[in-house]
Structure formats: structure tokens, C-alpha cells
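Once you know that position 10 of the sequence shown is -7 in the working numbering, the rest is easy, because the numbers rise by one and skip nothing.
Simulated from the structure, these hints should not be mistaken for laboratory data.
Where hints are given, some of them may not hold.
What the hints assert, rightly or not - Quick list of in silico lysine to aspartate or glutamate cross-link-like pairs, EDC-like style, CA-CA up to 20 angstroms:
1. LYS134 x GLU66
2. LYS459 x ASP475
3. LYS99 x GLU66
4. LYS291 x GLU279
5. LYS459 x GLU387
6. LYS174 x GLU267
7. LYS195 x GLU267
8. LYS308 x GLU60
9. LYS94 x ASP55
10. LYS403 x GLU269
11. LYS403 x ASP356
12. LYS192 x GLU272
13. LYS50 x ASP3
14. LYS39 x ASP113
15. LYS556 x GLU543
16. LYS195 x ASP215
17. LYS308 x ASP434
18. LYS556 x GLU480
19. LYS292 x ASP276
20. LYS556 x ASP520
21. LYS110 x GLU130
22. LYS134 x GLU98
23. LYS292 x GLU462
24. LYS550 x GLU515
25. LYS516 x ASP531
26. LYS110 x GLU139
27. LYS549 x GLU480
28. LYS291 x GLU237
29. LYS39 x GLU107
30. LYS200 x ASP215
31. LYS50 x GLU12
32. LYS99 x ASP55
33. LYS308 x ASP113
34. LYS94 x GLU139
35. LYS516 x GLU462
36. LYS544 x ASP534
37. LYS544 x ASP531
38. LYS459 x ASP356
All values derive from a computational prediction rather than experimental measurement.
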Amino acid sequence: MNTVSFTLNGELTELEIYPDESLLDTLRERCGIISTKNGCSPQGQCGCCLVLVDGKPRTSCATATEKIAGRDIITLEGLSGDERRLLSEAFVAAAGLQCGFCIPGFALRTKALLEKNPTPSRPEIAKAIDAHLCRCTGYKKIIDAVELVSKARLGEITLQPGTDGHVGQSLARFQGLATVLGDRPYVDDLKADGMLHGAVVLSAYARAKVVKIDTSKAEALAGVVKVATYQDVPGERWYGLIYADWEGYIAEGEETRCVGDVIASVAAVDLQTARLAASLVEVEYEVLEPTLDPAESIKAGARQVNPKKPNRLSTTAFTRGDVDKALASSAHTVTGTWQTQRIEHLFLEPESSLAVPRGTGLHLYSQGQGVFDDRRQVASFLGLQPEEIFVELVANGGGFGGKEDMTVQPHAALLCFLTKRPVKLTLSREESVRVHPKRHPITMTFTVGCDADGRLTAVKARLLGDTGAYASVGGKVLERAAGHACGPYRVDNVGIEAIAAYTNNPPCGAMRGFGANQANFAIEGCLDLLAEKVGLDGWELRWRNAIDVGDTLSTGQILEKSVGLKKTLLAVKDGYL
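Produce the complete structure using the sequences and hints provided.
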């Protein structure tokens, strides 16, 4: 341990730190500062951990604490009451926050900008915040908020962050003022008496046989309280939202199925020790050839990826009319294959969970998207009754569907259950990307026909989605993609098949749009090609086929009321390209 001293928010601070400790870890773990958030440590790419060092903005996750000896550090906690009020009220008044995880960084950047340039233009504001990421707002309202702070500082306006709540008025975001300042805690900001810190060991390979797990070096490290493996799970090691096909810990003699598989977990007295101990766990692998192509996965005789389910996780198929006959008699047809990519949700807050002993069970603080799903799965994992697990949802820093599945909840819960002490486990950004499900990549082959006037006659499509190593909600996503394959258009003859297939890629699950986005990409591409063949512009072709009240969708659903497509098309007609 090394000793370092610096001034933090006006007070001289002297601490013992690890040689490679980041300023972010020092501030959060040793100084109780929670306005600096950990979004990407140690990459310094998201701006959530911003501090002022001698008045200049710096990402604390990419700054070694030993390098700031004797320097002056300011965080949002150290600003004056008036500065904090102006910043928080302006961001709330402009609706410049949603999940809010990234906003403390933006707020402190605003302070630094306005000290240097009290009246910045919008382009100057945009340039100043360019080093920050926000997954929720689209940045426009953040720029609006910075403008409000500037005007309020000069006395040009009086901020009004809330309303009296009458019908038709927008209410201020719940806990918005505290969120802007970083005072409303996320899971990783929580602490408990006697709390241990957790870390996980992930598979080094997408597919490999785990020959041996050696935890002896990790267990011998001072400060390590427990190293857990498959042998320590008292209940059912397999869990899942719909199918219990996701293994909490991979056992010796078993195969890993993706690079997000957990081999072991560690509980230690502090974060640095837990991470170091995790790196000391030695795993002997027999590396095997992974299945990465869903088309290969569903071929006859293909190796089974997941022992709980066949490689073809699900098939959704439906027909209306005679699609082949309709295509054969169509004036125009187009055929093509469209492929979408695996997409990361990029919520700014990595997964985190805190488990605290409670009676015969535990109290689990979760950032997940379904507390009862978490409770059911964690209870089974620990061999407990659901009523012995109390799950409390802590408002998260973005989810977008990517936090529906369990990630660290069972591992934090197990370490707590085994040690009888509170355990908090937070993933790094790299670990997060490896572990949680993504948007499905789907390969879609479409044939679409129309008559001489451009009215659709038939849609025939086959969709193959890569659901990765675990089911998550993959079957439902491909079912939704199938249901949206004809888009918002009238089609009397339809033949759709959508398949979700297992591979050794990272799992895929829920993400905003839930399969409709991918199908929309393909059908809209087909309409553009048809418009060229018919000699119509794309707007006119869509107008002629737009669904309306009384029409029947490809799935058989009759639209009885409230169909807004034609109004939408009219609204964009003048600007349509």
C-alpha cells in the first residue's frame, strides 16, 4: 500500500491506496463519493466518472490516484449550494435526463465549460460534451439544459423544474434533482455493514471442456473470504426466464457455451482484492471448435450446443391464402436476403447486485427488469423457497431489455448465502458485454409480389435468428419478428417461417423493438425495390398498401380502431425522399 494526499472538495485528504488504484476507485471506495459513476473503467470513454483536477475535467477511471498527489480534486459533492441547485433544476426543467446514470458527468462538465465560457453557443456546448456518452436522451435536451444553466447563472431566467401537476402538464422526473447530482444511489452506490466485494471468473473460450478449476492461489490471498464454484451451489445450477437452460457455474468435465459463462466467483474484503483473486483462479481447458453459424447449427446431425434444448430452439410458422400461386401471378416480384447484426444495448450502468442476509434467506438489491423472475430463479439456485428471498428493484442506469435475464444476481446471492455477509458484485464493462444478451442478428430471405398498380399480392419469408448460447426470450423475439414480417401493409397471401437457433455466440434476448426492427428492415427494403420496378416513388407505394381500420394483418388480427399509419405517412409526405 502507498500513501497519497490531495485536496478533495476543499479538504486535505490522506489515504493508503494500492499501487495501481484508479482515482475513481479511490473516490468511490475510500472517500464515499458516489457522483462519479463507473461506466467503462478503466477505458475513460463514457465520461460518467468525470472530476475536476485543478479545475480541469478529467476521467477519474483512467487516472492513477498516485498521479494526483498534491492536486485539488472537485466532484459534484464539492460545489456550492447555488451551483448544485442551478445544475439540478436546469437538467430537470429541460428534461435532460432519463435513467440519469451519465448525467452527473455532464453536470460537472457544464460547470467546467461555463467557468471558461459563460455564454457558449449550441455548437460549442456540443463540442464540450463530445467526450460523454448518453444512451437515453439523444443529447439535444442535455444541450438545452446547459443553455438553461448559462442563462440562469447570468440572471436572465428563473428556473422552473416542476409543475403543479394539472392534467396535460409534464411533471418533473421523479427524484430528478438528486439524480442529476449523483445523490440518488444505483446498486453499485449502495453499502452495507460488513460488506464484501465480489468478482467473477469468465470462460476464456466460447466452447471448451473445463478440465480442472484450481482456486488454491485465490483462496490463499489475504483478504479473500470465499471462492465459489459449481460445487458450492446448494440448489439448481440452471436457470432462465422461460427455459432453465442457463448454467450459473460451469462444472469440471462440462463444456462452456459462450465467453460469458461463469467458472468461479470470489468474495473479498475490498474490490481490488476480489479482482486480483479472480485473476488467480486457474482453469485448465480443452479448447473445442465452437458453433458460430445458426445455419450450420440447425443442419441435420449438427452437434447439440445446449444440453437442455435442441439447436432449433423455436419455429414460428403461419400461412394465409396461397402464397406460391399469388407470387406466380404477380406483375412484379423481388427476392433478396437481408441480414442484421448483433447489437449491444450499451446501457451506461454495468450490471450490479447487492445481497444482504435476511432471516433464512436474503435481501437482494437488483437492477433487473423483473423482481419476481429474479426471486424465482435465485430461490431455486439457492435451494430456498421464494418467500425466503426478498428482491428490491433499484432504479437502474438503463436496461432497454438487456437486464431482463439474470447476470450477477445469483452469484452475489450465493456468495452472501455462503459467507453470511453482505456481498456486492458489479461487472466491468468488458464483462458486461460478454455476459448479457444482445439484439438478435437475423438473416431474412424475402420474396414479395405486387400487381401492376403496386398493390401487394404476397409475402414469403424465412427468418433465421441467432439466439446464442442460451434461450433467454429468443423464441418470443423470433415469433414477434414473424408477426411483423409483412410490416404495416395489407397482404392477402402470406407464408412466414421464423427460427431461433442456438450457437456458441453470446446470448441474444430482449431489446427495444423485440424482433420487429429486424423484420421491418427487410420488408421496407423489399418495398423500395418493388417501387423501382413499378415506377412509383416509395411513399406512393406505401400509401397504396397502408393498413387502415377494418383491415386484417398477416397474422389474422382485425384492426378495429386507432390505426394511425396513413396519418403518419401524410405527415412525412413533403419531406419523403
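Against the structure, test the hints numbered earlier, and report the numbers of the ones violated in rising order. 2, 6, 8, 10, 11, 15, 18, 24, 25, 26, 27, 33, 35
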